[in-house]
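Per our numbering, the very first residue in the sequence shown carries number 1; after that it's consecutive.
By construction, these hints were calculated from the structure, which means they are not laboratory data. Hints may contain errors.
Claimed, not checked - Computed cross-link-like contacts, DSBU-like style, restricted to lysine-lysine with a CA-CA straight-line distance of at most 30 Å:
no., residue 1, residue 2
1, LYS296, LYS264
2, LYS232, LYS264
3, LYS232, LYS277
4, LYS35, LYS264
5, LYS296, LYS35
6, LYS264, LYS277
7, LYS296, LYS277
8, LYS35, LYS54
Stated by the list, open to error - Simulated restraints on C-beta separations:
no., residue 1, residue 2, range
9, SER237, ILE184, 29 to 35 Å
10, ASP180, LEU281, 21 to 27 Å
11, VAL60, GLU114, 19 to 25 Å
12, VAL60, LYS277, 43 to 49 Å
13, PHE159, THR246, 40 to 46 Å
14, PRO32, ARG295, 31 to 37 Å
15, MET300, PHE194, 34 to 40 Å
16, PRO32, SER237, 28 to 34 Å
17, LEU176, ALA75, 22 to 28 Å
Note that the structure is predicted; figures quoted are calculated from it, not measured. C-beta: ideal position from N, C-alpha, C; glycine also.
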Amino acid sequence: MDALSAVLAPVRLQRTRWVSTVGRAPWGVALPVVKSCIRFHYVVRGSAWLGVDKTDEPRVALSGGDLAVLPLGHAHALRDPPRSTLRSFSELARCATRPTHDVIRIDLGARGPETTFITGAFVLDDPLAAPILAALPPLIRMTPDTEQAVPSFLENIQFITREIEANRPGSEIVLLRMADVLFIQILRAYLARFPEGGGGFLGALRDPSTAAALGAMHRRAEEPWTVASLAKEAGVSRSVFAARFTELVGEPPLGYLTRLRMQKAAALLREGAPLAKVSRLTGYSSEASFSHAFRKWAGMAPGAWRRHLESSDRSAAPDGGRGALRA
Numbered sequence: 001m002d003a004l005s006a007v008l009a010p011v012r013l014q015r016t017r018w019v020s021t022v023g024r025a026p027w028g029v030a031l032p033v034v035k036s037c038i039r040f041h042y043v044v045r046g047s048a049w050l051g052v053d054k055t056d057e058p059r060v061a062l063s064g065g066d067l068a069v070l071p072l073g074h075a076h077a078l079r080d081p082p083r084s085t086l087r088s089f090s091e092l093a094r095c096a097t098r099p100t101h102d103v104i105r106i107d108l109g110a111r112g113p114e115t116t117f118i119t120g121a122f123v124l125d126d127p128l129a130a131p132i133l134a135a136l137p138p139l140i141r142m143t144p145d146t147e148q149a150v151p152s153f154l155e156n157i158q159f160i161t162r163e164i165e166a167n168r169p170g171s172e173i174v175l176l177r178m179a180d181v182l183f184i185q186i187l188r189a190y191l192a193r194f195p196e197g198g199g200g201f202l203g204a205l206r207d208p209s210t211a212a213a214l215g216a217m218h219r220r221a222e223e224p225w226t227v228a229s230l231a232k233e234a235g236v237s238r239s240v241f242a243a244r245f246t247e248l249v250g251e252p253p254l255g256y257l258t259r260l261r262m263q264k265a266a267a268l269l270r271e272g273a274p275l276a277k278v279s280r281l282t283g284y285s286s287e288a289s290f291s292h293a294f295r296k297w298a299g300m301a302p303g304a305w306r307r308h309l310e311s312s313d314r315s316a317a318p319d320g321g322r323g324a325l326r327a
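Construct the entire structure; sequences and hints are all you get.
Structure representation (structure tokens):
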């Protein structure tokens, strides 16, 4: 398993939400900030302007075949002319056609030129499990030539579009499965464009020695890793590895390993795994040593953490993912 696959393995798309929108000029829609959510807009036909709030990202023009991805959940607006009046998504959703196969269909605007776009929202179960997300920019724009970097990427986008427009039985499960594929392809396409020698976590994934160590830690977090054994995986000296890893990832190798183990432990506790199993799968020789480490990381004992999660799950009213697009 390569490093990117190993890093993405813990990521689970908890739920998805799809919206098909037809805007006739003048039109505009505002979407709010939503944490733990990746959203994208694919322009099927026509054109639109996209602006991301509270960032340095310039307003971008989108045309048919373009894909705009907002991996950090920033508030943003889509419209035809840059100064068209905006309507909130929640207002539009209340007036929309009743969802069919988990797809909301929205018509807005007047009688001008028409733009059709597909919006998807991927709600993440635990965004902390994927440090790559924190390294992504507020906005990623992909054009049809992205197909050169990731074969079948455009083909899959078009398949999703046809599935939404066809409104056939079984579409909900098809779209859920395709969301996983699209999410990975988006990350792969962006990583392919990331400059050689670039810094940060994405740079670590492009750096052969650091990527080798990251992949080993993610695949086998339970092993008794040391800086020396990780350096051996990386194929460089201990000092070179430690310095390079810290420079790119932003923390020392064993600090990263501890955080990775605790994130894995949190996921296992949520699933109801026994404490002995959690301890073993995260590399601790005893429940006591694991509990001590977990308390230091989470601020509470594993049992209290599990009860806290159960209480939160009971009190949270499920909305089928609508919160991913709520205004």
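Item checked: Indices of hints not satisfied (ascending) -> Of the numbered hints given earlier, the structure breaks just one, which is hint 16.
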